[in-house]
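Colleague: Which chain is which? The protein sequence lines are L and Z, in order. Residue 1 is where the first sequence starts when you use the numbering used here, and the numbers rise one by one after that. Residue 1 is where the second sequence starts when you use the numbering used here, and the numbers rise one by one after that.
Treat the hints with caution; some may be incorrect.
Computed list of chain L residues with no C-beta within reach of chain Z, every gap over 12 Å [claimed, not checked]:
hint : residue
1    : ARG20
2    : ALA71
3    : PRO181
4    : ARG186
5    : LEU200
6    : LYS266
When the alpha-carbon atoms are kept at most 27 Å apart in a straight line, the in silico DSSO-like pairs for lysine-lysine are as follows [what the hints assert, rightly or not]:
hint : chain 1 : residue 1 : chain 2 : residue 2
7    : L       : LYS266    : L       : LYS196
8    : Z       : LYS41     : L       : LYS266
9    : L       : LYS309    : L       : LYS262
10   : Z       : LYS41     : L       : LYS262
11   : L       : LYS163    : Z       : LYS113
Example chain L residues on the side facing chain Z (calculated, C-beta under 10 Å, incomplete) [what the hints assert, rightly or not]:
hint : residue
12   : ASN143
13   : ASN199
14   : MET255
15   : ALA315
Hint data in this document are derived by calculation from the structure and do not stem from the laboratory. Note that the coordinates shown come from a computational prediction; the quantities given were computed from them, not determined experimentally. Heads up, the beta-carbon is just placed ideally off N, CA and C, and yes, glycines get one too.
If you want the building blocks of each chain, they are given just below.
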Amino acid sequence: MVDVAVIGVGQTRYGMFPERTLKDLFHEAAINALNDVDKGLDPQDVEEAFIGTLSTGGAQLGNFAPLMMEAAGMIGASARHIENACASSGFAMRDAVAAIASGRTNIAVAGGIEKMSDLPREKNRLWLGISGDVEWERLAGTNFAGIYAMMARRHMHEFGTEKKHITMAAVKNRNNALANPKAQFRAALEFDRAMKAPNLASPLTFSDACGITDGASMVILCRADMAKNFTDQPVLVVGSGGASDYVAIHDRPSMTTLEGTKRAAKQAYSMAGITADDIDFAEVHDCFAIAELLAYEDLGFCEKGDAGKYIESGATARDGKRPVNNSGGLIAKGHPIGSTGTGQICEVVNQLRGRADTAERQLQNVGYGLTQNVGGSGAAVAVHVLKAVE
Amino acid sequence: MTSYVSLPMYGANIDERMRLIAGKCKSCGQLAYPQRPVCTKCGGDQFDDTPLSGNGTLYTYSVVAGNGAPSEFDDEQTMTGDVLCGVVELKEGPRVMVRLADVDPEQLHIGMKLRAVIRRLYDQEGFLRYGTKFEPVGS
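Take these sequences, add in the hints, and give me the full structure.
Modeller: Structure, rendered in C-alpha cells:
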C-alpha cells in the first residue's frame with residue numbers, strides 16, 4: 001500500500017448562514033484548503049473527490065459531488081457523493097485514503113457540507129428522522145435525541161453513571177469552543193446552569209445536544225512520497241478504520257457499546273501499529289454528550305463503564321492528559337452533518353502542524369491524533385489516526 | 001408533511017406489527033422480532049411465523065420533549081405534549097422500540113412490566129395509522 005499524507009485542510013466557520021448558498025460555502029472550504037497547501041496546488045491536478053453530505057433536505061440529491069467540485073474550481077475530477085448519515089465525510093475521508101493507498105490516484109480530496117438553515121424546522125425534523133431503522137424507530141415516535149437518551153439511561157443503569165457526568169462533557173466542549181473562532185456556539189456554559197436546562201429527551205437536556213448548523217470542509221491528500229512538493233509539514237494518515245452495526249439500537253446485544261467504533265478503532269490502531277494508549281488527543285462524535293462518554297470506552301481510552309469517572313478526572317480537558325474535543329466538538333463547534341467528519345480531520349491536522357487558529361487552544365507535544373465519526377446512533381463509524389511527519 | 005413510512009411500506013409488515021408475529025429460524029430456533037431476512041445467530045434465511053405473547057419488561061426509555069418527535073406526530077404532541085418512547089424486552093427474548101401508552105412519565109422505570117395494546121399512531125394520506133404500543137400491566 002502507498003502511504004498517504006494530508007497536505008492541506010480548509011473549513012468554513014460553522015453556524016447559521018441563511019444568506020449563503022451551498023456552492024458558496026463549499027467554495028470557501030476549498031479555497032481555504034488550497035491556500036493551506038504551502039507550496040501551492042493547481043486545482044486541476046485533483047484527480048478524485050469524495051464528498052459527504054445528507055443532501056440538505058434532498059435539495060440536491062443527484063450529482064451532488066460534481067456540482068460541489070464545480071464550485072471548488074476542481075472541474076474534471078472523478079467525483080462522487082458519499083452518504084452514511086452523520087458519518088458521511090468520515091467515510092469520504094476513508095475512500096480518499098483508499099484511492100491513494102491503492103496506487104490508483106496521486107491527489108484526491110475528501111470534503112463534506114450541509115446547509116441545514118435552508119429547511120423549515122418541521123422539514124429538518126422529518127429529514128433528520130430518516131437515518132435510523134425508519135420502519136421501527138420512527139414509528140415509535142422517537143428522534144435521535146430519544147435514541148441516545150435510551151442509551152444514556154442504560155449506561156446509568158448498568159454502570160452507575162450519573163447525569164452530571166454526561167453534562168460534564170457538554171460543558172467542557174462548550175467552554176473549549178470559546179477559543180475557536182470557527183465554532184458555532186461561543187458562549188460559556190456553566191455547569192450548574194446546564195444541569196437545570198429543559199428536558200430534550202430524558203435524561204438528556206438541551207444542554208447535552210448539538211444544534212442545527214451550516215458548514216463545509218475539505219481535506220487535500222496525496223501520496224506521501226509526493227507530499228514534500230506541496231508542503232514541508234505534511235501529516236500522515238497512519239490509520240483508517242470503518243465499520244457498521246445494526247441500525248436500530250433494539251437489535252444490538254448491548255446499548256452501551258458502539259461495536260462499530262470498536263471495530264473501526266481496532267482496524268485503525270492495527271494499521272498504525274499503535275494502541276489506544278498512544279493517542280495524544282482526539283476529536284470524537286459528541287452529537288449528544290453521552291456519545292462522548294461511549295466513545296471514551298469504545299476507543300479504549302478507559303475501561304468499559306468507567307467513562308463517568310474518566311471525564312470527572314479531567315483527563316479529557318484541554319489541559320488534561322488526553323484532550324478530547326478541544327475544538328468544541330459537535331456540541332459547540334457545530335454539526336453540519338455531512339461536513340463533520342472532514343471538519344474533525346481539519347482540526348487534528350491543524351493541531352499536529354502547530355497551526356491552531358488561536359495560541360490558547362494549541363496543544364503541545366502531540367504525536368498521534370484521532371478522529372471518530374458516527375452515522376446515526378452507531379450504524380456506521382469511521383476512525384482515523386493521523387501523525388505529524390518528524 | 002408526509003411520512004417516510006409510506007402506506008405500502010406500513011402495509012407490508014402489518015401482521016408483524018399489529019399481531020406481533022416473529023420469525024422463528026428453521027435452522028436454530030432463534031426468534032427474530034422485528035423480523036429480518038437473515039438469522040443473527042446462525043445465518044439461516046428460512047423462518048416460521050410465530051406469534052409473541054405481547055408481554056415484556058421496559059428495558060430503557062425516554063420522555064421526548066414536545067415537538068421533538070417526527071413531524072407526523074405533531075397533532076398528537078400538540079394535544080399531549082411529551083412523547084413517551086422505550087425499548088421493551090419481550091418475554092420471548094427479542095427487544096423492540098415502542099411507544100408507551102397510559103403511563104405517567106414519573107411511573108416509568110427499567111424493569112416495569114408491560115403488555116401490548118393496539119393504539120392509534122397518527123392519521124396521514126387519508127388513513128388512520130394504528131400500531132402496537134405498550135402499557136403497564138394493571139393499568
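Colleague: If a hint holds in the structure, say so; if it does not, say that too.
Modeller: Structure-based check of all given hints:
1. With a closest Cβ-Cβ approach of about 25 Å to chain Z, L/ARG20 is found to remain outside the 12 Å limit, as its non-interface label requires.
2. Residue-level check passed: L/ALA71 sits 29 Å from the nearest beta carbon of chain Z, beyond 12 Å.
3. No beta-carbon of chain Z comes within 12 Å of the beta-carbon of L/PRO181; the shortest separation is about 31 Å.
4. No beta-carbon of chain Z comes within 12 Å of the beta-carbon of L/ARG186; the shortest separation is about 25 Å.
5. Consistency note on L/LEU200: stated as away from chain Z, yet its beta-carbon is not over 12 Å from all of that chain's, at 6 Å minimum.
6. At roughly 21 Å, the least C-beta separation between L/LYS266 and chain Z is larger than 12 Å, which holds for a residue marked as non-interface.
7. About 38 Å separates the Cα atoms of L/LYS266 and L/LYS196, which puts this hinted pair outside 27 Å; it is violated.
8. Our distance criterion of 27 Å between C-alpha atoms is met by Z/LYS41 and L/LYS266, whose separation comes to about 23 Å.
9. At most 27 Å may separate the alpha-carbon atoms for a hinted pair to count; L/LYS309 and L/LYS262 meet this at roughly 20 Å.
10. Distance check on the hinted pair: Z/LYS41 and L/LYS262 sit about 20 Å apart at the alpha-carbon level, within 27 Å; holds.
11. Taking the CA atoms of L/LYS163 and Z/LYS113, the gap is about 25 Å. The hint holds against a cut of 27 Å.
12. Contact between L/ASN143 and chain Z, as hinted, is supported at the beta carbon level, the nearest pair being about 5 Å apart and thus within 10 Å.
13. The beta carbon of L/ASN199 is positioned within 10 Å of a beta carbon in chain Z (closest approach about 5 Å), and the interface hint is therefore held.
14. A cut of 10 Å between beta carbons decides the hint on L/MET255: the least distance to chain Z is about 6 Å, and the hint holds.
15. For the restraint placing L/ALA315 at the interface with chain Z, the shortest Cβ-Cβ distance is roughly 28 Å, beyond the 10 Å limit, so the hint is violated.
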